[in-house]
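J.: Please work from the sequences and hints to get the whole structure.
Note that the protein sequences, when read in sequence, are chains Y and X.
The working numbering applies: residue 1 is where the first sequence begins, and numbers increase by one.
The working numbering applies: residue 1001 is where the second sequence begins, and numbers increase by one.
Quick caveat, the hints were computed from the structure, so don't treat them as lab data.
For glycine and all other residues, C-beta sits at the position ideal for the given N, C-alpha and C.
Mixed in with the good hints, there may be bad ones.
What the hints assert, rightly or not - From chain X, some residues computed to sit far from chain Y (all C-beta separations above 10 Å):
no., residue
1, Ser1042
2, Asp1057
3, Pro1131
4, Arg1236
5, Thr1250
6, Lys1291
7, Asn1507
8, Thr1510
9, Lys1589
10, Phe1641
To be verified - Quick list of in silico lysine-lysine cross-link-like pairs, DSS-like style, CA-CA up to 25 Å:
no., chain 1, residue 1, chain 2, residue 2
11, Y, Lys146, X, Lys1365
12, Y, Lys146, X, Lys1403
13, X, Lys1299, X, Lys1254
14, X, Lys1291, X, Lys1254
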Amino acid sequence: MIKRYSLVATLILFAMVVSTNAYAQEAKQRNFGEIYTECGLGGMLFQHKKWAGLAALSNVIWDFGTTASSSALTTPDSCMGGKEEKMAAFIYHTYDALEQDLAKGYGEHLDTLMVLAGKNQSDAKFIEVLRQDLAQVIAQGDYAAKTRYQKAETLFGLVEKNISNS
Amino acid sequence: MSLLSFCLDHALARRAHDLLYQLLLFAFLFLSLFVGITEASSLEEVKAKAHLLQLWDHPVWRNLIHVEGKNNQSVVLSDDFFLSPLGKINPEAELMATLDAFYGQAVNNKVDPRCRFPARYYWLSQQLPIPQIDLRDPACMNPQRWQDFDRITSISLLLVSGYWGNPASTFGHALLKVNSTSPEDPHDLFDLTVNYGAITPEHENPFRYIYKGLFGGYQGVFSDQYYYTQDLTYVRTEFRDIWDFELELTENEKTLLIFHLWEIMGMKFKYYFLKENCAFRLAGLVELILKEGLSKDKKMWYLPEEMFFKLKDIDHDRMLKLGHGLVRNVRYVPSSKRVLFYEITKLNSHERKIFKLIVNNDVGKIDEYLKFSSENEKIKILNTLLAYEQFNLVSSKRNDRSKIEMIKDKILLARLQLPVQMDNKTKLPPLESAVEGARPGYIGAGIGLGRSGDSYLTLSWSGFNKESIGQNNLQGSEFALLNIRMGFFQEEHQVFVDRFDLIRILNLETMPLDVIREGKYSWSARIGLDRLEVNNKFSYDGLGALGVGQTLRVNEQILGYVMIDAAGHSIAPYGRLSPYLGLELSFGKLKTAVAGGIETSDYRGGFTETCEAKIQYQINRDYAAKIEFSNKLASRLNISFNYFW
Chain Y
1 MIKRYSLVAT
11 LILFAMVVST
21 NAYAQEAKQR
31 NFGEIYTECG
41 LGGMLFQHKK
51 WAGLAALSNV
61 IWDFGTTASS
71 SALTTPDSCM
81 GGKEEKMAAF
91 IYHTYDALEQ
101 DLAKGYGEHL
111 DTLMVLAGKN
121 QSDAKFIEVL
131 RQDLAQVIAQ
141 GDYAAKTRYQ
151 KAETLFGLVE
161 KNISNS
Chain X
1001 MSLLSFCLDH
1011 ALARRAHDLL
1021 YQLLLFAFLF
1031 LSLFVGITEA
1041 SSLEEVKAKA
1051 HLLQLWDHPV
1061 WRNLIHVEGK
1071 NNQSVVLSDD
1081 FFLSPLGKIN
1091 PEAELMATLD
1101 AFYGQAVNNK
1111 VDPRCRFPAR
1121 YYWLSQQLPI
1131 PQIDLRDPAC
1141 MNPQRWQDFD
1151 RITSISLLLV
1161 SGYWGNPAST
1171 FGHALLKVNS
1181 TSPEDPHDLF
1191 DLTVNYGAIT
1201 PEHENPFRYI
1211 YKGLFGGYQG
1221 VFSDQYYYTQ
1231 DLTYVRTEFR
1241 DIWDFELELT
1251 ENEKTLLIFH
1261 LWEIMGMKFK
1271 YYFLKENCAF
1281 RLAGLVELIL
1291 KEGLSKDKKM
1301 WYLPEEMFFK
1311 LKDIDHDRML
1321 KLGHGLVRNV
1331 RYVPSSKRVL
1341 FYEITKLNSH
1351 ERKIFKLIVN
1361 NDVGKIDEYL
1371 KFSSENEKIK
1381 ILNTLLAYEQ
1391 FNLVSSKRND
1401 RSKIEMIKDK
1411 ILLARLQLPV
1421 QMDNKTKLPP
1431 LESAVEGARP
1441 GYIGAGIGLG
1451 RSGDSYLTLS
1461 WSGFNKESIG
1471 QNNLQGSEFA
1481 LLNIRMGFFQ
1491 EEHQVFVDRF
1501 DLIRILNLET
1511 MPLDVIREGK
1521 YSWSARIGLD
1531 RLEVNNKFSY
1541 DGLGALGVGQ
1551 TLRVNEQILG
1561 YVMIDAAGHS
1571 IAPYGRLSPY
1581 LGLELSFGKL
1591 KTAVAGGIET
1601 SDYRGGFTET
1611 CEAKIQYQIN
1621 RDYAAKIEFS
1631 NKLASRLNIS
1641 FNYFW
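T.: So, in structure tokens, the structure goes:
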């Protein structure tokens, strides 16, 4: 009897551990660097999975270090259109417009970022905290020397941090 | 009964049975055309019906597999677009193979073919009783994930203005946008856009680029991107304007087109810069749902504007015949440069003074410069400065960037330390698109007057001509390619070339951001042939010229510029300088351009006076009357009547 109960208890315990672990895996968020690498942020521009290896399109001049090429065939399903991945790509590609909007405190790109972050686009408090955080980053003095990747990673981190804190 | 007679009897009986079966089947199918069958029929029945209807000849089927012209050949190069090994050259075989696939007859299909070709399925299911599938079924999740069909509201065609920075972009560009509504996308930045372009290797040799682009050396492909990437590229990097032509389509048309976009994404075609380019292929896509032709054109080229002119014609015709058009709305998206220019002009005199002070001096003293400004003024100045430095960053050379970044960051920090202040959103007066004016080519007939008063007939032709006196949206600039004016019956000259432009450009910078340290210049270029009269004899002067200058726009009607040209001539003196002043006046349909100056006549400082003038009255979109005068050319005066095509 005791052995049977022990077995059942062990099984239940095992199930709990497995499910907790699974939940933990499901909840694990990728950081900006992981999204950039695993998804290849250039590939995030293309949602279509059927074609790959595209070189520059002659009607697109892309001068930001990204290319119009896609590694869509190798893009994992987890990169296809998830909110976090979308936000990372959006921050990376439209960083300059976001910077201007954050400076003013409003704008189309900032509104879109807010919604991607799960916030109301008119959440003045969230916007103000982001502005202050960005001001602190710039005041450190090495902001101009940062690459686009580094700036985007920083902003992504600030957004994620403020989401957790709010 | 002998074995032979048994067999014969059996064979005859069998033959009779088959014949009866075929007759019954035919009758059944014939009746079903009228009665209709709501349940799926067998593959054989469906194929028989397809045969009866000859569906492979239907314009929609031919459009779906991109069969062009009178031959049966598809222009799609990708093998995986076809289900039949003969699909590229035989629409009937492709149709039958598609039906086979829909009935699960195809081999090695990892994806349900109805999900792989939803447009084919969608259209065929309206013609034939084929097995139904819900395209939202998990087996078809990829099309659904690609674009949330429930949120689609409409489809737009986007006209992007021309761009000097890339020869392939000089004549503009066209895109397709799938408009959708989503609370997760408040400004539609994640709307899907479809682009067609050539696949070119990076760092391609320019001569190879031109040669292959003109003669089909590249493959073209459709690609999909979020709208924000197009905004980033065209509006914010290349400083181009966009006009969004939202189409008026039925649900059926919208659905068929969007399903076909899914099918065609990533498929390859041969790319020809002049004819089978972005606009041509997009027009081919949209023709799937239009009864009217959009890509058919007798010209040797198909420019992006061409598609939109045709769109406008269709819209106009539908309005007359049906009471509703094809274009629901046209929305103007100004370039970020145009927005910046407008914002600078909106600064008051104090704000503008401080703005210039900060731009032209040490940005480290920004607080000092802003000391006497109110908080509202500071916010306005800093917002504009930020936009200005961002413009500088994008348009600067790489070795300037770090300095501009530093300046921009100081301004950014100053602005972040001030509160948020919503202002009235910059509402620019909309600029009309090119298709509100005349078409770019023309033919004309007129009378010329020589220097000695003799008159002659003239005929003119232009492949692409946007003059300063024309109805176009170049705001005083000019761009002409292949302009020729022929003369007839002037004294002993029966037929002659009166004037020829291979290329003529006058690029007037009408948005000079004059606060910047480097000046923004206007420029001109010409390669052509002039007919001159020297000592009562005619001669031809071939020339190539480049000019640089500056422009001042006084108001909407008056524009002036100063230019100096340096030119090489085939007649002595072979090198010449020509400084001149230009004035353009625009009063609605009547426009005038005058240019007067001097031209060096030798290498010792001698010069002659030059004067040219032209005036044009646009009668309507298609016709105009024009007068041209020149004191330099053999043709002193030319009066013509032109038709734009």
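J.: Kindly indicate which numbered hints from before are broken by the structure, ordering the numbers from low to high.
T.: 4 and 13
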